[in-house]
Structures are given as C-alpha cells and as structure tokens.
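Going down the list, the sequences are from chains S and E.
According to my numbering, the first sequence is numbered sequentially starting from 809.
According to my numbering, the second sequence is numbered sequentially starting from 809.
Just so you know, these hints were derived from the structure itself, not from any lab.
Treat the hints loosely; a few may be bogus.
[What the hints assert, rightly or not] Stretch by stretch, here's where chain E covers chain S in the computed footprint (C-beta under 8 Å, at least three residues):
(1) 823 to 829
(2) 841 to 853
(3) 1157 to 1164
(4) 1238 to 1249
(5) 1303 to 1311
[To be verified] Listed next, the in silico DSS-like pairs over lysine-lysine satisfying Cα-Cα at most 25 Å (straight line):
(6) S:K945 to E:K1173
(7) E:K945 to E:K930
(8) E:K1173 to S:K1173
(9) E:K945 to S:K834
(10) S:K1172 to E:K930
(11) S:K945 to S:K930
(12) E:K930 to S:K1173
(13) E:K1173 to S:K930
(14) E:K1269 to S:K1172
(15) E:K1269 to E:K1308
(16) E:K1172 to S:K930
(17) E:K930 to S:K945
[As the list claims (entries may be wrong)] Derived Cβ-Cβ restraints for the label pairs, each shown as a range:
(18) E:G1438 to S:I1164: 26 to 36 Å
(19) S:H865 to E:A1191: 18 to 28 Å
(20) E:A994 to S:D1348: 15 to 25 Å
(21) S:I1164 to E:R1479: 51 to 61 Å
(22) S:V986 to E:D1234: 58 to 68 Å
Note that the structure is a prediction, hence the values are computed from the model and not measured.
For every residue, glycine included, the Cβ atom is placed at its ideal position computed from N, Cα and C.
Number of protein chains: 2
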Amino acid sequence: MTSLSAGASAPTSSTGTPFGRIPVTKVSPVVEGGAYPAKAAVGEPIPIRATVFREGHDAVNATVVLTDPTGAERREPMHPSTPAGFDWWAAEVTLETEGRWSFRVEGWDDPWATWVHTAEIKIPAGIDVTLVCTEGKALFATSAASATTAGDEAAARLLREAHAALDSDQQVEDRLEVVLSDEVRAAMAAYGPRLLTSPSPDYPIFVDRRAALYASWYEFFPRSQGARFDSDTQRWVSGTFDSSYERVEAAAAMGFDVIYLPPVHPIGTSFRKGPNNTLTPGPADPGSPWAIGNVEGGHDAIHPDLGDLESFDRFVAKVRSHGMEVAMDFALQASPDHPWVTDHPEWFSERADGSIAYAENPPKKYQDIYPINFDRDREGIYAESLRLLRFWMSHGVRIFRVDNPHTKPVNFWAWLLAEVRRTDPDVFFLAEAFTRPAMMHALGKAGFQQGYTYFTWRNEKWEIEEYLTELSTSSDSFFRPNFFVNTPDILPMFLQLGGKTAFTIRAVLAATLAPTWGVYSGFELFENAPLGHGREEYLDSEKFQYRPRDWQGAEASGEHLNLLLGTLNAIRREHPALQQLRNLHFHTAANPEVVVYSKRVEDDVVIVVTSVDPLNSHESEIVLDMAELGLETADVFLVHDELTGQTWRWGQRAFVRLTVDDPAHVLTLVRPGTRYPGQAPLANDTAPTTAAEQ
Amino acid sequence: MTSLSAGASAPTSSTGTPFGRIPVTKVSPVVEGGAYPAKAAVGEPIPIRATVFREGHDAVNATVVLTDPTGAERREPMHPSTPAGFDWWAAEVTLETEGRWSFRVEGWDDPWATWVHTAEIKIPAGIDVTLVCTEGKALFATSAASATTAGDEAAARLLREAHAALDSDQQVEDRLEVVLSDEVRAAMAAYGPRLLTSPSPDYPIFVDRRAALYASWYEFFPRSQGARFDSDTQRWVSGTFDSSYERVEAAAAMGFDVIYLPPVHPIGTSFRKGPNNTLTPGPADPGSPWAIGNVEGGHDAIHPDLGDLESFDRFVAKVRSHGMEVAMDFALQASPDHPWVTDHPEWFSERADGSIAYAENPPKKYQDIYPINFDRDREGIYAESLRLLRFWMSHGVRIFRVDNPHTKPVNFWAWLLAEVRRTDPDVFFLAEAFTRPAMMHALGKAGFQQGYTYFTWRNEKWEIEEYLTELSTSSDSFFRPNFFVNTPDILPMFLQLGGKTAFTIRAVLAATLAPTWGVYSGFELFENAPLGHGREEYLDSEKFQYRPRDWQGAEASGEHLNLLLGTLNAIRREHPALQQLRNLHFHTAANPEVVVYSKRVEDDVVIVVTSVDPLNSHESEIVLDMAELGLETADVFLVHDELTGQTWRWGQRAFVRLTVDDPAHVLTLVRPGTRYPGQAPLANDTAPTTAAEQ
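Chain S extracted, bound-state conformation:
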C-alpha cells in the first residue's frame, strides 16, 4: 500500500493547503494566501474567521493561536458565527504589541461538547444512563489530570467533584445539573480533551502603531507660509520652515496630529512649470515641488529657499512639541537637473535616439519629470531608495506620503516597505494612488499602511454606503483608507458647486467615516475656484506658485471652518468609536439625501446623521438598528449633538431636520439609566418608545 502521508501519493502540488483531519478553510484575514501580512493596529479589534467542520455528528471546536513578535503563543477560543448552517467560526482578537504577529486556526474534535450533547438528550430520556455516566467520568478524570499538570488545582478539584457527582446517589438529572454548571463548563473549556487538532498554516498580521489607523492630517506648503511679494524687487520671497510655525500652531489648535509637507527638496529649472501649469514660467516662479532636484541637490537635500537641514530639524521638533508629527513626501522621480541624471543615467529609460525619456501619457508630455526605470539597475535604485528613507528617518520622519506609487513596480514597494518594517516597525507609508482597484489593493497588500481613496468622488448616499461597506468589511485586512477632503491636485466638484455647506458635509463625513482623515490648507477658507469649467483642479494652484493666505482676515470675518475642524478632531479624540474602521454600521433613513451611520466601541456610541445635499434642507424619518447600538428595540435614550450642543430623546425611530446651515448631526448616545450632564435620568418605563426630535 502506498504511504498515507498527504504529500506522498496525492499529485504533487507546490501551492495551497490540503484539508487536515478537521478541515479548516476560508481563514481570514489572509492576504494573497499569506504572502503579505494582514493589517492591524495596536489595540484594534481584529476579526478572525474560518470555516471549520467535520464528518458525522461529533462536535467540532476551533481556537485561534496567536504568535506575538517575540514568538510567544496565546490561544483564544472561537465561536460559531451566524448565519447558522455555514460552519463559520469567529473570534475577535486584540493585539497589543507593535510588530509582526502570526495566527493560525486550529480545528479540533471536542469530546466534551459531544458528551454534553449526548447527555442532555439521553439522560432526561433515560437512555443508556449508566454508559453515559461512565463516559462522562472518564472525561472528567483525564481533564482533572490536565488541570493538575497545568497547576490549576481549583479546576482540578472542581473536575474531580464532577467525576464524583456522576457516581453519586442523586437523581441522574440532578447529577447532570451539577456537572453542567457554568464552573464545570469553564474548567472543561480550559482542560477538556482536544483531539485530532488540525492547524491551518500560520498567517502573518503586522500590528502598526495606533497612528497608522487613527490620526488627523493637515497639509500645507511651507513656502507659502510667510511668503511675501517684495515690491522693491518685484519678486516673491519664499516662506521657510521657520516662518511656518504659525500654521503648525493653528493645526495643533484645530486638533490635527500629522503635518504633511509636499516635497521640500531643490526644484529643477529645466522645463519648469509656471502658474497654472503653464510652460512659460517667469524667472522667479518657484516651480512644482514634485520636480525634484537641481544643482543644489536631490532627494536628500533641502530647498535653500525653505532653509537647511538644521531648520528642517527645528521644524520637526516644533511639530513634535505640539504633540504632532511630520509626514514627508516621497516622490521617486527626478527633474532633468537632478544629480542622478548625470551620476546614474542607468536609473532612467533611454529612448531610441539616446535621450532620456521624460514622463508621458501620450499625447501629454511632462518634460520637467524623468521617471525612474526600476528594471535597468535594480540593485542600485533599490538601495538608493532605502538609503533616502533611512536618511529622513534619521531626521525624525516616521511617516511618508508616497507620490504616485502606482507608477512604480508593486514588487519594488513590497521589498522596500518590508525592509523598513523589519527594522523600524513604527514607520508607515501613505500611498497617493488614485487609480484602478487592482493596483489600489495591491499597494495595500504589498505593505502601504494607508491609501488615498475614491471617497473624493463618493457623494451620493448609495455610493457612500456601498464604498464604506467595502472599506470596512471587505478590503479592511489590506487597505486602510485616509480620507482627504481635498488635495493640491483635487478640488472635488462637490466643493465647487455646493457652497460652504458642501465643505461642512465633506468634513463631517471624512472625520467620522474614517479613523484617518486629512485636510489640505485652504479648505477651511472655502477655497473652491477651479482651473476651468469641469476641471477638478485649483485655479492658481499652490503647486506652481506661492499662495500666502489671509488667515487673520478670515478669523476677523468668521469666514472659516477652523471651529468645525477643531470640534470634529476633538470629538474623534474623545470617542474611541471614531478611532476604528471596522465598526461602521449604516442605519435606515427614508430620505435618499440623508445618510445615517453609527460607530460603537463597547459603551461608546457615535451616531452621525448627515445630508448629502448641500443646496437644500431635508427632513427624514430614520430607523435605527438598535442591536448595533447595544440597545433593546423598545429602549429610549438621549442623543447629544456634539456639533450644536443640543440633546434629544430618541427611540428606534426618530425624526431629523437637516438644513443648509446645520446639515449634519454628530450624536453621542446616552444610555438608558445613565445621566447626561444637566439632564434627568431616563426611565424606560415612563418614556414613549418613539420620540420626535425637538
């Protein structure tokens, strides 16, 4: 007879996992079969799921085995998951240490559960009573021995007592009650036999620091902060790191956590772009910061107009002194004047005429940019990329926003990010990719801790519900969204057409739907002039010119969103529910222009009700999924609007009115029986189950 080992006689297969004795399949979160780690953050609850089943009628059970970065293992029980009949098992685990973990799911034969099932049917029916008791005693005896071995004498005693109880003179139903007590069940869960244990492979999970999951980003161009037009020379004088401190302080005051700077390196002069992306710059136009490199240096240099490495270090320290940190732009491309062009022409593509290929998307030409060719000198460009990251990491940068990663090979990023993660697990990367789903997802799988998203173009209720459901339940193990409301590249149509109300709606959505959101400065001043009709770019874009802003004038006139942004960030900080991605749940609103969703972490519940129509007021009945809020159907409760300070009494059904002035509620829930400041306690028995707003 042929050997029975799985691999020996089965057709040779280099891939996949054959069924074990107890099949364990559809394990998640697993990214590309385990080739890349699934995403988690410190303290984030992670759902572990598997389909676990077996032949016949005996009981099956399942356990998650977690291995932490030191190699230590811990076990957590899994539970049958709904809907019934699909053999789905699940556990929610929380990983408290940054770094590379792994997990596996073990399916096992559970003789104790089989016995309980048998005993509960047979003993009341008087079938095989003696035999059932004999089998039960054998189970308690071995389990008591296991408890003793584990040093748990209390459990051992309990199990010996259960053993004795089955032998007692009591009525057999009474004996059964004793041995099926909660205490005995708990001891058997710990020390009962686990047979035919069948492990899945170990799959990796990387646990990032919390800021990779939850943070508020603020983006600005230091060169604009303090820039001034010198009427004597008729030229602009650039702002500097040192002249940008006021913006750092303003961002801190608004509760932001991350200051993201566009590239701070010398800017090429060849084919430099003028204002509004024109090809005819004046001699003093500053150029696009993404056209990196000139005679003054490349990606490891500071643009002299901004300062030097010392002033950069001071800037990083200033940001840190406000409890924030700097995110740096990492844009792997060169201007024709970059030192690489002469030192390493092999890092670029050569055309048939011997020239270096500039960026093109025919018929468009980007002659100010030379893209890197990652295939000509792989070792060289890989090493240089890693050197650059380590250089800026040594200057206190622990977050990189990567420009256009989808124009570089995915396996380059997989290598580079794994290298960094290996030595510096706190460093993380945001992918600035606005492209097709396959690439967006691949970058997340390959290691990017965050990505820009399609949120920018998801404005309708159905779009928001569909996209957010995907982000929070389907791509959550590999794609972590960063919801920017605008960027220097993108002035969404919704903001162009929706007036100031549109800015409020998008800020509320971004800040409450995603644990990480971002604002590019100018948003709070309602800037919304487009480059042209139908264009989603800014007029007079800061990418090509200085744009000092009249912050003080705005403050004086009150024409700004500083307070809203500050309030949103404060709510996010106070409410752990808003610091998670996977806990999002949509509720029902009758009005198709009204979106209702909640997030919950234990007792902390935030309910957001917002209009998605910036031009009109809307009313709607809403129907809440009470179980998702941790409530009973008939409960009444208070909701406190953190934006306006108003408090309402709600039940499962409520009525909302959203106006152009107040298009959204961000509501925190006050549970029945708890007391909200200034309110009498709620009593379920006296209050109506449905209460209209106001």
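Please build the complex by placing chain E on the supplied structure of chain S, with the hints as guidance.
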C-alpha cells in the same frame, strides 16, 4: 544592502504567492490554493481568469500556459474581460486529454502594444514622428529575427516588410496603416517581444472523461426486478441480476447511460429493519442493502439472493452491451454481522463498556449499522478501502456512488480518490451527501467528481435561479451536480403534492439544467405515496422490502413517463448545449411561476420555458437576452418545441402559455436565414420583431 531576492528580506512566509514584476492575482479556477485540481471534462470549455495589471502607462498582456498530462506545454492568449477598469483577463480553454493538467497565467510587458498606442496618437498628431518610427523599426527587427528562429519565414518576411515600410517615402500615416495591418498584428502577437514575464504558480486541473460531466442515470434494485411472492411458501423470492435484464433494456430504451445499483452485498441479520423501517422484521424480510455484511461475506461479496460474481459480471456485460455502464454503491459501514467486526474490531469505535458503537444521532439509534472509525487503524482501513475499490474496478465498475461520504473524514476521501485517479483516471465518484454547504463543497474539492445537490428542495423560481447560478458560475470549478429527481431516501414534497404535472416539471428541469441527471425507478410510474404526513420518505420503501412494479400494466394504461424521459434523454444527446454546466443563462419572464433559461454551445441553442406551479396553468410575456443566444436584438427566429413538435416564430419578446398538461417547452432555436424542416426561410426585413406564440 540586503539581498533583493523576494524571500530573503521579506518576512518569512510559508504560504501564498508574492507579487511578481507584473502582478498576476485572483487566478481561477484554483481549488484551496491549488491543493486540489479544479474540475474539467474532456472537450469542456473552461474559463481561465486572472487579474493582471502593472505600474504606469505601458501595456500589459497575459497568456495561459497549459501543461498536458505528458508534460507538454501550450500557450493560449488571454483577453481583457468586462467590465472594464478591473484589470480582469480571461481565456476559454478546452482540454482534450483525460488526466492531470496544470495551468499558469503569465503577465508580461508588451512593448508592441505600447508602441501601437503611442504611434496611433503621436503619428496623426505629428509628434516625435522620427523617434516613433525608429522605435517601431527596432521592434520589427527583433520580432522578425524571432520569427526566423521559430522557422516561420512568412511572418519574418512580413515583419521585415513592416520594418522597411517605416523607412519608406510614403506619407507617415500611410506607413502606419501598413504596419498596423491585421497580418502584421498577428505576426507581432506571435513573435513580438514579451518582457518582464511574470508567471503565477502552476495550478492543477484534472480532466475527467466526458461521462463525469454528461450522463443520464437510472437507479433500480435488482432484487425487486423479477421478485415474486411464492404463495406456497408464503415468502418472497428475490429478483436477481439475471432477472433484471428487462429493466436494463427499458433504461436503454429511455436513453439512460448509467445503471446505478444500491449495494449488492450480503445483508446483516442483527437488528435488521423490517418494512417501513420498523424494528420488528419478519423472518423473510430482506433488510436494507446498506446494512452490509454477514457470514456470507462483506463488501467484496455478492448477496447470494442476487447471484454471484459471475452473474454480476454478466450483468455488467449486459449493461455495457446496451452502451451503458454500471455505477456501484460504495457504503463504508458494516452490519454487526460483517466479517470486519470479528476480524478487525479496531476499525470500529469502542464504547466505555467495551461494546462496539453503533450509529447514533441521539436519541435515534441505528443498531443495524456500525460506522467505521478512521482514526484507530488508519493504515488498515485506508488500505482495505482501496482494495475494495480496485476489486470492483477489476470487475468492470468504473463509477462509484458513495453512500454518506460526509460521515467519513474529508482527508480520507482526498487520499483515496487521488490514489484511484493516479492509476485509473477514468474512474469517477458521486458523493451522496445531503448536508451543509461547507462539507458538500469540501467533498467536491477533495476529489468527488460529482455530488448530489439541493436541487431536490429548490422548487420556486427564485430558488432555482439562485442555486443554478451558484452551481454554474461560482462552485463550478469543484462541485459538479448530479440532479436526481428522486432517490429511495427522498420523495420530495413537490412530487407528493403536485400530481403528474410535478413529475414532468421536475424531469424537464433536471434533464435540462444539469448535464448529469438521475431517476430512481418508480418515478416514471408517478409513485408518490409518503410514509406519513410531512415525511419525505416513500411508503413501503424499497429499501426495506421487495417492490416489483407492474411495468406492463403501466404500458398498457399509458400511465407512465417513459416517453418523456426518453424524449428528454434524446434531446440531451442531440444537443451539445445541454451537455455543459457553465453555459446556463436565465432570461426574464414576467410571471413569477415561469422560469426561462437557455444553454448554448456555438450554434446549438436550447431554450427551456417551464412552469414551476404544477397545479395551475400560466401565461407570461418573456424577454430574451438576445446576445446570450447569439442573436441581434431585432432578430426573429423559429423555436421548435422538442417535446410537442410545435414551431413558433419568436423575437426578443414572446408570449407563452403553459398548462397543467403541457407545463414546459424545450425549444431548439432555428437561426434567421436557416431553414427549418417544412418551414419557409425567415427574413428579418419582413417579419415583425415581436411575434406572439401561435
């Protein structure tokens, strides 16, 4: 710098496939990551799919590489698949040799496609014309050399001419037209450069013989055929293999392909069941054939009442002489009288009191059945199982219907079926599992070529559409359905309550929805008396008693479905469209009791319109998805009802009337411009685009 090899610096991972230079992901059909082969049959079109994409703007392309059982490779081009924007690629491949194949998907950089894209934009716009031509010439030169190397001098000449054309004095637009001719494109598809080729792993596909996909099964109990009650002895005399020939001939006349026999082995006497599953059999009751084994032998013996090995061999030959084959029941369990019980007590479970455990599902006891314990003597029971299969294979059995496989370990079946497949790729197995989806699917993945299904309980239109869509598009790579309309165990409620019309409806559905279907004898006589109210079992089930049937009386009265079954099998044989699973498409019927679907293979199209309400007549407008039929929206065509012989002129919209007497149409399509026997040719320009039935 750390080495760049994928495995060296990336965190160690024993599972999954990292991204290659050109990412190739979501490859299908892949079963459990490639641990088990996907299913195919000889000549069956198999969809190969993958997501293939790359960074930047250069063109990507994809190829399927197929490896046949001899190790020979062949390549087939893949094509971008709809919807656009998802980077999906697909190819339909047909594998002509039985046995183990494998396939991989190669993604590659396609400089020719990149050049075509560039040239088509730049040359008409007069941009970089010289450079574009220079780059084109380089491509043609290397590709011509490749063609020469491959010995394809015609292609090489064509490509050299293209090279010369780019150098000519013609207008550059004319030069472009020459080098983008269909012939040059075809030559470049064959010999153009393929760079950065990035293969997926090789994934297995097992190609079964066609009968594993397409066959009509007929089940009967030989002991009932020719059984008679001897009034002298007041005992039944069993039918035998030899007395069953009339049923074999009848099945052949009805166009069946497979004769499936319940177990033919000696039947235990201990705890033998009497009629209707009673516990008090009379001395002459024959018992259930699934209680296998007594002093006369076990799984390798023939029940003496049926005959002996010689008469079994004769029976197999008789079946074969009619172009059919025998499927044998493989029921791995023993009666308490089975020789195994004394020879191999280690193959069974021992209770705490030392007794052998009989089958139980508390509180139900099946004391006539000892289940096998596959964990006590794994080597022994595995070897015995394989020995039994090989024994019956040597007696001409090449199909096994496996009883209750879901009560045995999945990895046992994976081993056993792989062993058989390795040496006897023509032998296939039907899993008699009616259990939860995870196990049903696992048995298919582990190697069962076919499974019983939930079709039995899918009677409503929405249920049929949903379940068949799953079977034909989602589980198709690992689960091949065998649609039995009834079994000795299951008399569906629909047949109990729906009268004779219900039998017609279920036969039409089974025979046209699934390429393999089955009938248990008695169905054609409209047997539908249940064991009790609400029970889905037969009264006086043949499992426990002799059931000779009055075939001649039925023939005389006309009270039978023989003609319908024969007609359905004849239609199936004549129409390749009905011999496939994956080509099923549902169309729209306004009436919720009317189901419309089609199957198509090239020009062969069958459209089925059936009521699912056996008690009432129904009318409905139907709307056909014309593209699925290979037609234009405005086409008119003839449909010929293969059941009634009627012919109608239809367009995209048609009207149907289904009655209790004629609840279904099985229509074959006559294309515009073709001539149906006895009909004038159709002309699209004169006929109305919508024509009502009759």
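Each hint tested on the structure:
Under a criterion of three residues with beta carbons nearer than 8 Å to beta carbons of chain E, the stated coverage of the region 823 to 829 of chain S is upheld, 7 such residues being counted. Note: the region 841 to 853 of chain S has 5 residues with beta-carbon separation from chain E under 8 Å; the three-residue rule is met and the coverage holds. Interface restraint, the region 1157 to 1164 of chain S with chain E: holds (3 residues with C-beta to C-beta distance below 8 Å; minimum three). For the region 1238 to 1249 of chain S, the proposed coverage by chain E is satisfied: 4 residues have a C-beta within less than 8 Å of a C-beta in that chain, meeting the threshold of three.
Coverage of a stretch by a chain is defined here by at least three residues with a beta carbon nearer than 8 Å to that chain's beta carbons; for the region 1303 to 1311 of chain S and chain E the count is 0, and the condition is violated. Taken as a hint, the K945 (chain S) and K1173 (chain E) pair is honoured in the structure, with Cα atoms around 23 Å apart against an allowance of 25 Å. Of the supplied pair hints, the one linking K945 (chain E) and K930 (chain E) holds, its CA atoms being roughly 16 Å apart against a limit of 25 Å. Restraint check for K1173 (chain E) and K1173 (chain S): not satisfied, since their Cα atoms lie roughly 80 Å apart, outside the 25 Å limit.
At most 25 Å may separate the alpha-carbon atoms for a hinted pair to count; K945 (chain E) and K834 (chain S) exceed this at roughly 51 Å. Taking the CA atoms of K1172 (chain S) and K930 (chain E), the gap is about 10 Å. The hint holds against a cut of 25 Å. The suggested pairing of K945 (chain S) with K930 (chain S) holds, with an alpha-carbon distance near 16 Å, which does not exceed 25 Å. For the suggested pair K930 (chain E) and K1173 (chain S), the alpha carbons sit about 11 Å apart, so the restraint of at most 25 Å is met.
Annotation: proposed proximity of K1173 (chain E) to K930 (chain S) holds, straight-line Cα distance about 11 Å (limit 25 Å). Distance restraint check for K1269 (chain E) and K1172 (chain S): the Cα-Cα separation of roughly 54 Å exceeds the 25 Å cut-off, and the hinted pair is therefore not satisfied. Note on K1269 (chain E) and K1308 (chain E): the hinted pairing holds, with a Cα-Cα distance of about 19 Å set against a maximum of 25 Å. Under the criterion of a C-alpha separation no larger than 25 Å, the hint pairing K1172 (chain E) with K930 (chain S) is consistent with the structure, at around 10 Å.
Between the alpha carbons of K930 (chain E) and K945 (chain S) the distance comes to roughly 85 Å, so the proposed pair goes past 25 Å and is violated. Against the hinted window of 26 to 36 Å, the Cβ-Cβ separation of G1438 (chain E) and I1164 (chain S) comes to about 52 Å, which falls outside the hint. Take H865 (chain S) and A1191 (chain E): their Cβ atoms lie about 26 Å apart, and the range 18 to 28 Å holds. Taking 15 to 25 Å as the suggested C-beta distance range, the pair A994 (chain E) and D1348 (chain S) does not conform, at roughly 52 Å.
At about 58 Å, the CB distance of I1164 (chain S) to R1479 (chain E) agrees with the hint of 51 to 61 Å. A beta carbon spacing of about 60 Å between V986 (chain S) and D1234 (chain E) agrees with the range 58 to 68 Å that was offered as a hint.
Checked against the numbered hints given earlier, the structure breaks hints 5, 8, 9, 14, 17, 18, 20 and satisfies all the rest.
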